[in-house]
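Asker: The whole structure should be built from the sequences, with the hints applied where relevant.
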Amino acid sequence: MVTKKEIAEHLGISRTAVSLVLNNTPSSTISTETRNKILQAAKELGYRDIEVSPKLCFVLYDRDANDPRYMADLHIIEQAASRFNYGLVFMNITNNPDSLNKLQKNLDSQEIDGYIVSGDVDESFIELFRRSQSPYILYGFPLPEKSEDLNVAAFDDRKLAFDATQYLISLGHTRIAFFLGSLDYSIHQRDLEGFCEAHEASGITLDRSLIQISNEENGYELCKRAEMLKLDYTAAFCSNTIIQFGVLQRLQSTGVSVPNDVSLIGSGYTDLVKVSVPQLTTYYVSETEKAKTVALLIDIINDRSAEGRFCSFTEFVRYEGGTVSPNRKK
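Residue 204 in UniProt numbering sits at position 204 of the sequence shown, and the numbers go up by one each step.
What the hints contain is simulated information worked out from the structure, not anything from laboratory work. For glycine and all other residues, C-beta sits at the position ideal for the given N, C-alpha and C. Please note that a few of the clues may not be correct.
[To be verified] Here are the computed lysine-lysine pairs in the DSS-like style, where the Cα-Cα straight-line distance is at most 27 Å:
(1) Lys5 / Lys329
(2) Lys55 / Lys159
(3) Lys37 / Lys55
(4) Lys292 / Lys55
(5) Lys292 / Lys274
(6) Lys329 / Lys230
(7) Lys224 / Lys5
(8) Lys224 / Lys274
(9) Lys55 / Lys43
(10) Lys5 / Lys43
(11) Lys224 / Lys105
(12) Lys37 / Lys5
(13) Lys230 / Lys274
(14) Lys55 / Lys102
(15) Lys292 / Lys329
[Claimed, not checked] Listed next, with one range per pair, are the computed distances between beta-carbon atoms:
(16) Lys105 / Ser286: 32 to 38 Å
(17) Asp232 / Ser132: 50 to 56 Å
(18) Gly308 / Arg225: 28 to 34 Å
(19) His10 / Ser124: 40 to 46 Å
(20) Arg208 / Glu287: 32 to 38 Å
(21) Ser53 / Glu227: 50 to 56 Å
(22) Arg309 / Thr254: 45 to 51 Å
(23) Asp64 / Met228: 27 to 33 Å
(24) Lys274 / Cys311: 26 to 32 Å
(25) Arg304 / Leu206: 30 to 36 Å
Answerer: Below is the structure:
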């Protein structure tokens, strides 16, 4: 059976574009011409329509449909679903009443076997799934206190930040900046906890001026701000690869060598990791671990008697890009 990867290679376009079209994503960034080319190629090459398969749905709430952080996970979930002979539908839902109503109708129809829910999810959004009869799992959330009535696949972001910061410390870095997004998000709160704990565990006094926050998660501007404030640092931990990539661009534009002058380490694994020059060094949950989310959801589908299921991802892989080196300024 032809795969989406093969369709992408046949057309010479990105696999993300093929996935967005064949998963019926309402994305305005894919032109009508490209969409038609993908659908025609899928038909000619014999791609199996997911309508003939039982379906799972990846729901992304209140985030851009093309956000690279979620597109990477979409590919992993899609591959895992296919191994269980499930097709995968992608829904990009906003807090607009029409969009929420679309999701509610989908839940009411019972046409989808189960939902994997991610994005900027709040309590009212979770309540839609809690009230529905549809199996679901909340995916990629910071490690919470175990909830008895929710299905959750959580990431231990505090430990990831701790591990990444400790790695920089092990290379002799003691002046480590931290570039992150809004502290309104619990994921960034956990990141900050891990960052601070790594300093404390190593007996290093933390200079809190090195903690720089941007609600827009704009790494370029965060780095520029640190520059304007004349902050002195030899390394930086970035709470995601989007911020890390922006920081790298700013440093390179001002003649700062990465990693010779400043080392950068990030969180997550997206397409930005490998397209970056040099490639980004990051800590992330492996594909094998993330794929376990699908197996857990299928367990929930097959056994609906349990009130809540919980799993956590606490072990991380380091991708050895080219943005980290020992501190040469000691």
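Asker: Now, for every hint given, state plainly whether the structure supports it.
Answerer: We went through each hint and held it up to the structure:
1. Lys5 / Lys329: Violated - the C-alpha atoms of Lys329 and Lys5 are around 45 Å apart, more than 27 Å.
2. Lys55 / Lys159: 34 Å, violated
3. Lys37 / Lys55: 24 Å, holds
4. Lys292 / Lys55: Given that 27 Å is the threshold and the Cα spacing comes to 17 Å, the pair holds.
5. Lys292 / Lys274: Roughly 24 Å separates the two Cα atoms, so the pair holds.
6. Lys329 / Lys230: Holds: Lys329 and Lys230 sit about 17 Å apart, inside 27 Å.
7. Lys224 / Lys5: Violated, at about 38 Å.
8. Lys224 / Lys274: 24 Å, holds
9. Lys55 / Lys43: 20 Å, holds
10. Lys5 / Lys43: 15 Å, holds
11. Lys224 / Lys105: 46 Å, violated
12. Lys37 / Lys5: 15 Å, holds
13. Lys230 / Lys274: 30 Å, violated
14. Lys55 / Lys102: With Cα atoms ~17 Å apart, Lys55 and Lys102 stay inside 27 Å; holds.
15. Lys292 / Lys329: Between Lys292 and Lys329 the Cα gap is close to 43 Å, so the pair fails against 27 Å, i.e. violated.
16. Lys105 / Ser286: 32 to 38 Å: Given a distance of about 36 Å, which is inside 32 to 38 Å, the answer is holds.
17. Asp232 / Ser132: 50 to 56 Å: For Ser132 against Asp232, whose Cβ atoms are near 53 Å apart, the range 50 to 56 Å holds.
18. Gly308 / Arg225: 28 to 34 Å: For Gly308 and Arg225 the Cβ distance comes to about 42 Å; the hint is violated.
19. His10 / Ser124: 40 to 46 Å: This hint holds: roughly 43 Å between Cβ atoms.
20. Arg208 / Glu287: 32 to 38 Å: 36 Å Cβ-Cβ, so the 32 to 38 Å window holds.
21. Ser53 / Glu227: 50 to 56 Å: 52 Å, holds
22. Arg309 / Thr254: 45 to 51 Å: 49 Å, holds
23. Asp64 / Met228: 27 to 33 Å: Given a distance of about 28 Å, which is inside 27 to 33 Å, the answer is holds.
24. Lys274 / Cys311: 26 to 32 Å: 28 Å, holds
25. Arg304 / Leu206: 30 to 36 Å: 47 Å, violated
Of the numbered hints stated above, those contradicted by the structure are hints 1, 2, 7, 11, 13, 15, 18 and 25, listed in ascending order.
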